[in-house]
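Chemist: One letter stands for each residue in the lines below.
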Amino acid sequence: MDGLDSERRAPPVALVVFGASGDLTARKLMPSLERLAARRLLPAGFTVVGVARTEWTDDDFRTRMAETVKNAGPEWRDVTSRFRYVAGDYSDTSTFERLRGVLDDADRTIGTAGNRVHYLATVPTAFGPVARALGEHGMARPAHADGFVRVVIEKPFGRDLATAHALDAELHEVFDEEQLYRIDHYLGKETVQDVFALRFANAIFEPVWNRRYVDAVQITVAESVGVGHRAAFYEQAGAMRDIVQNHLMQVLACTAMEPPARFEAASIRDEKVKLLRAVDTLAPDEVIGEVIRAQYERGWVEGEEVPGYREEEGVDRESRTETYVAMRLYVDNWRWAGVPFYLRTGKRLPKRVTEVALEFKSVPHLPFSSALTRGLDRNALILRIQPDEGITLRFGAKVPGQAFRIRTVSMDFSYGAAFVEETPDAYERLLLDAFVGDPTLFIRSDEVAQSWRIVEPILQSWADHQAPLARYPAGTWGPRAADQLVEREGHQWRSP
Amino acid sequence: MAEPLTLSVWSEDGVRVADVVAALEDLRRPEPMPATRTSVLTLVVVATRAASADRALAALHELGGRHPARVLTILSDPDAAPSDAGIDASVRLLGGEADGKEVWFEDVELCVRDDAARHLDSLIEPFTIADLPVVVWFVDGLPADDDPLLAAADVVLVDARDFGDADCFGSLARVTRRRPVVDLSWQRLQPWRELLAGLFEGPDARPFLGDVRSVRVAGRTGPRHLLAGWVADRLRLPSPEVHLVAGEHVSMRVVAVAPDGRAGTFEVLRRDDERVVRARADLEGGPTSEVVVPLPDATPAWGLATALSRLYRDPVYEHALRAAVALADRR
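Here the protein sequences line up with chains A and B, keeping their order.
399 is the number that the numbering used here gives to position 399 of the first sequence; each next residue is one higher, with no gaps.
175 is the number that the numbering used here gives to position 175 of the second sequence; each next residue is one higher, with no gaps.
Each hint should be verified, as a subset may be incorrect.
[As the list claims (entries may be wrong)] Some chain A residues well away from chain B (every beta-carbon gap over 12 Å; in silico):
{"id": "1", "residue": "GLY135"}
{"id": "2", "residue": "GLN193"}
{"id": "3", "residue": "THR476"}
[Unchecked claim] What the simulated footprint calls covered on chain A by chain B, stretch by stretch (three residues with Cβ under 8 Å from a Cβ of chain B suffice, anywhere in the stretch; the number is not a length):
{"id": "4", "segment": "300 to 313"}
{"id": "5", "segment": "382 to 388"}
[What the hints assert, rightly or not] Covered, in the sense of this in silico footprint (three residues per stretch, anywhere, with C-beta under 8 Å from a C-beta of chain A), are these stretches of chain B:
{"id": "6", "segment": "13 to 27"}
{"id": "7", "segment": "111 to 119"}
{"id": "8", "segment": "125 to 139"}
{"id": "9", "segment": "216 to 229"}
Note that these hints are calculated values from the structure, not bench results.
Just so you know, even glycine gets a beta-carbon here, dropped at the ideal spot from N, CA and C.
All chains should be built: construct the whole structure from the sequences, respecting the hints.
Modeler: Rendered as structure tokens:
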């Protein structure tokens with residue numbers, strides 16, 4: 001009813017979670033659903049149907065999902081009481097026959113109206129078989145003209161360009177591209193979305209958002225945690241596939257893309273693809289100089305001694321998997337030609353932080369002696385994506401006093417302080433987007449392909465040339481080689 | 001600013017850093033409106049004695065709104081029993097008013113034992129506020145040359161007076177090679193330095209700078225060495241001409257001769273019962289000038305406020321320090 005809905009609200013829908021007994025379901029999906037329920041954004045006709053090999057009953061599933069959220073509101077137990085569970089192997093036809101029966105039953109008893117969001121929280125090798133089985137069992141298309149069936153896919157989207165294409169081909173045999181919601185939870189973060197607001201809703205930033213004023217851009221995705229229980233996956237992926245190919249490329253695209261004509265999915269995705277297409281790929285002989293790969297050794301993080309990567313459980317003692325990547329890229333277009341984009345990510349760095357920093361050029365002439373400007377750095381605009389979400393502008397100001405001294409000061413905008421509204425978690429935002437059918441913050445297949453186009457030559461060069469693997473003690477900001485990468489052009493990594 | 005109000009407190013023993021960081025974030029989310037943090041720096045107080053840490057914290061609270069900071073106080077005990085696992089932590093959100101504006105800032109106190117106390121740098125990073133300087137204040141002793149804490153600091157804060165012996169200058173000089181050092185003792189000596197320099201201003205006194213015959217500096221260990229080092233360096237004096245004398249208050253006496261052979265005495269001193277510094281120049285056959293200036297506020301907070309306004313490398317101090325090392329080695 002017009003005038004009543006100030007927020008988007010999910011339509012009736014059944015969320016089918018493949019990999020329902022896994023970590024992602026408990027750690028991310030359930031807490032996000034609980035928040036949506038607490039905000040009254042889930043409809044009465046809503047349920048979750050969990051599918052996994054683990055031999056649970058409906059009650060097991062309900063109890064476990066209810067318990068995943070600490071201090072949940074009273075409505076959460078009510079929501080979970082309608083959950084259903086299907087135990088079975090994805091290669092077993094009967095699993096999908098039973099799933100079909102459960103979903104039909106949910107339509108009748110809960111009112112999910114034939115709408116489905118299939119969430120593939122499984123290992124990537126299961127994506128294709130699950131999609132095929134959904135098609136074969138009549139669960140890939142909506143039951144009626146007003147209904148919908150969507151599929152949310154977790155990264156990785158392939159291991160390289162060829163496997164990404166192969167995965168797309170498999171999925172497209174069953175689903176249209178419009179039905180596919182490739183999730184990169186970074187896009188669901190408020191501050192990533194705020195990049196759009198900052199750039200395209202303000203007159204003061206966009207005019208300086210280009211090569212004329214920007215000297216360099218640094219994007220950092222730092223984690224303080226190690227490989228944890230993901231060793232089996234991480235050994236195959238490494239930081240390049242785990243973070244660079246998706247999160248870093250998406251943040252880069254949002255930061256550097258041209259303004260879209262409209263704030264709608266197609267326009268934004270078109271501009272992101274254009275930007276990624278403009279990123280210069282590195283020739284094999286350039287990779288060693290432009291991309292640093294490294295692995296953490298034993299060290300101290302947050303006051304605790306932590307093992308080196310090769311000492312982690314499940315990791316090969318001779319592993320050459322990179323846990324750190326620093327690289328320099330150039331975007332060959334009118335806006336960014338010649339501006340280095342420094343990207344870095346790593347595990348076991350001193351703290352968890354994600355930020356984008358635009359470092360501006362120095363003034364053409366500084367009319368002050370060097371003694372007066374000893375504390376003056378280049379102007380910088382920093383977008384803090386996590387934690388402590390906000391924006392900082394750094395500029396020079398006169399130090400109060402009789403002498404004329406200038407030093408850099410920070411002008412700070414903090415989300416927590418500026419808004420009363422609670423910031424939704426990324427998964428909360430993206431789940432609701434999938435329910436209401438807004439693909440803006442999901443990744444289109446051509447974005448995936450362009451990201452692989454940038455990353456694949458690097459991976460190939462590493463494989464062909466046994467690229468050096470630097471070491472860094474856990475708890476430091478990476479190897480010396482990464483410092484040298486930026487110092488060559490007179491820059492320094494920030495200490496975020 | 002009045003003593004800040006404690007708005008919220010969290011404290012727990014045997015926790016991990018992640019717990020403390022989470023508590024810090026939670027404290028800043030009170031209903032109905034989140035508190036706005038006002039910080040101009042991250043100040044890390046490193047102590048091995050609880051009393052020193054308390055003293056430093058008291059001074060910082062007194063400083064209050066002038067330099068609102070996230071204050072991380074680390075009380076470290078590397079020799080504690082390994083069985084005392086984890087960190088004892090408390091977090092406070094403080095608020096108040098300065099110049100009519102609301103300011104909010106945070107105190108984090110960590111008690112760290114065993115091996116973790118030898119890797120304090122790994123504790124600091126999660127608490128630093130991006131883009132604000134990290135000042136590490138060593139209140140109970142100077143860091144070793146290879147102390148990893150130095151890498152985490154943008155500026156090192158010390159008080160040479162606290163260390164009580166002249167041997168500290170060598171260590172301090174080595175620290176300056178790695179990080180800018182702000183010395184509270186040096187800040188307190190500013191009136192003496194300004195007054196002595198001022199005595200040589202003008203055409204009558206300036207010719208005496210060319211031939212300084214002797215310098216006598218009295219005071220406590222630390223301040224007198226720094227001041228003597230400064231004079232020796234600025235006037236390029238060979239160290240035998242600089243005499244150091246123990247005393248309660250700092251005083252300086254410079255004897256110089258003008259090119260025409262006239263003698264001049266330049267003196268800056270504080271008498272026992274006075275809260276002023278006196279500067280006097282007696283020039284043979286010429287004018288006698290005298291200046292009296294009140295001593296600045298002697299509270300630790302004043303010294304801190306001044307020091308924290310100058311968070312950059314001070315080459316004059318560094319040269320004075322190196323000269324002080326030479327003077328101390330002369331013993």
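Chemist: Examine the segment 13 to 27 of chain B: at least three residues should have C-beta closer than 8 Å to a C-beta of chain A.
Modeler: It holds, with 4 qualifying residues against the three required.
Chemist: Counting residues of the segment 216 to 229 of chain B with a beta carbon closer than 8 Å to any beta carbon of chain A, are there 3 or more?
Modeler: violated (count 0)
Chemist: Per the coverage rule (Cβ-Cβ under 8 Å, at least three residues), is the segment 125 to 139 of chain B covered by chain A?
Modeler: n = 7 at 8 Å, threshold three: holds.
Chemist: Examine the segment 382 to 388 of chain A for residues whose CB is less than 8 Å from any CB of chain B, and state whether their number is three or more.
Modeler: With 4 residues in contact (Cβ-Cβ under 8 Å with chain B), the coverage given for the segment 382 to 388 of chain A holds.
Chemist: The output says A:THR476 does not contact chain B. Does that hold with a beta carbon cutoff of 12 Å?
Modeler: At about 9 Å from chain B, A:THR476 fails to clear the 12 Å cut-off, so the statement is violated.
Chemist: Would the least Cβ to Cβ distance between A:GLN193 and chain B come out above 12 Å?
Modeler: holds, 19 Å
Chemist: Are at least 3 residues of the segment 111 to 119 of chain B within less than 8 Å of chain A when you compare beta carbons?
Modeler: holds (count 4)
Chemist: When I compare C-beta atoms, does the segment 300 to 313 of chain A have three or more residues closer than 8 Å to chain B?
Modeler: holds (count 6)
Chemist: Beyond 12 Å from every Cβ of chain B: is that where the Cβ of A:GLY135 lies?
Modeler: A:GLY135 clear of chain B: closest Cβ-Cβ about 44 Å, beyond 12 Å.
Checked against the numbered hints given earlier, the structure breaks hints 3, 9 and satisfies all the rest.
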